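Student: Here is what each chain is made of, one letter per residue.
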Amino acid sequence: DAKTTQPPSMDCAEGRAANLPCNHSTISGNEYVYWYRQIHSQGPQYIIHGLKNNETNEMASLIITEDRKSSTLILPHATLRDTAVYYCIVRAYNNNDMRFGAGTRLTVKP
Amino acid sequence: ETGVTQTPRHLVMGMTNKKSLKCEQHLGHNAMYWYKQSAKKPLELMFVYSLEERVENNSVPSRFSPECPNSSHLFLHLHTLQPEDSALYLCASSHLGQGSGNTIYFGEGSWLTVV
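Protein chains in written order, with my numbering: chain U, 1 to 110; chain V, 1001 to 1115.
Among the clues, some could well be false.
Unchecked claim - One-sided and incomplete, this derived list gives chain U residues near chain V with beta-carbon spacing under 10 Å:
| # | residue |
| --- | --- |
| 1 | T79 |
| 2 | T83 |
| 3 | Y87 |
Said to hold, decoys possible - Reference excerpt, derived from the structure (chain U facing chain V, CB under 8 Å, subset only):
| # | residue |
| --- | --- |
| 4 | C12 |
| 5 | G43 |
| 6 | H49 |
| 7 | A102 |
FYI, nobody ran anything at the bench for these hints, they're computed from the structure.
Note that the structure is a prediction, hence the values are computed from the model and not measured.
Glycine included, C-beta positions come from ideal geometry on N, C-alpha and C.
Here chain V stands alone, though its shape is the one from the complex (with noise of 0.2 Å):
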């Protein structure tokens, strides 16, 4: 248990449908994260916000959509998938930049599958 839940922990999903992804976080952070783990490929991170603003977007395709209603959730709006856009899905918390304590946590990913 790292105090970061993502659900679901599974999707299935058609290319023609809209679904998110949930985040929440029980650490007290002021910073989330998406990032994407495509097989055999490093973690890309995707989005990052601070204090609920985004303040990174990695040239994520607009076919993803993040929203951060405050610091303790995060959401990322799926729509018009494709095929390669299967993945799993990790979200990530931290403090803002404070030196050593903004060690950043993981959630355990949402494995997603387009169809």
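If we strip away everything but chain U, and leave its shape as in the complex, we get (with noise of 0.2 Å):
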């Protein structure tokens, strides 16, 4: 799987957007990009994927370059319990585990 760059950390004010970049220049064309958050002493919670359309759900928008080299997540409007550590994991479709790297580590603040 393709190697992802996050920056270790981001402060966040409380319901403002919050934009996390990740870098994946490797990435390969059957590899999805995927996004985790891990609240502490908690499990790996799901957020959003896509493959190279921008998508959105209930919880993100996930933007991704036309290159595919690079995305975005966006927490519209973040709140204190979105306080956790993002990953970002790149993925070939027909691979069965998920490798994480440090991610990202955001602080919303009052």
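Mind docking these for me? Both chains are given alone in their own frames, and the hints should help you get the complex.
Tutor: Quick look at the structure:
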């Protein structure tokens, strides 16, 4: 699976949009971009994934650049409960495992 | 609630004990996983079961012994562990490779402390 690069930490004000970047410059054509988050002491929570089109669900939006070498996860109105470590992972469609990096620690502040 | 349930949530065991972690998924998936997360380290994949057969074992010591009796249940049997094995053990499940439909869902984890 392609490697990803994320900033180690970010802050965001409560109620503002949180934009979390991820670089995956070696992504292959059959690899999806997945985002998970992990709140302290809990298991990782699936957020969203995409191949090349932008995606939106009730939790977040995923913006993937046209060349697919980077993406941004957007939490439109961050709350204190969104404080967590966010993981960006690229994974081939036929690969049954998930390789996690260090992620981005997002802190939402009042 | 993710549909993946792990028990116990917390376990303290001595180095000579034998214990087991249990995982049950209610999502109709046919692949199950064990991950380990040590303090300040990324998640590490330990085992993958696909259709109840082990398809991946990432050089895990034999003191960890997985068992998958059916597609809904997964166990991790523990014996003669070391204090450095203290960690959060996470179970997960997914459908087999079906394009974007094989999203992996995690349980809440079992915190293991070896004393």
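Student: Each hint: holds or not?
Tutor: Hint by hint, here is what the structure shows:
no.: 1; hint: T79; in the structure: violated (20 Å)
no.: 2; hint: T83; in the structure: violated (17 Å)
no.: 3; hint: Y87; in the structure: holds (8 Å)
no.: 4; hint: C12; in the structure: violated (23 Å)
no.: 5; hint: G43; in the structure: holds (4 Å)
no.: 6; hint: H49; in the structure: holds (6 Å)
no.: 7; hint: A102; in the structure: holds (6 Å)
In summary, the numbered hints that this structure violates are 1, 2, 4.
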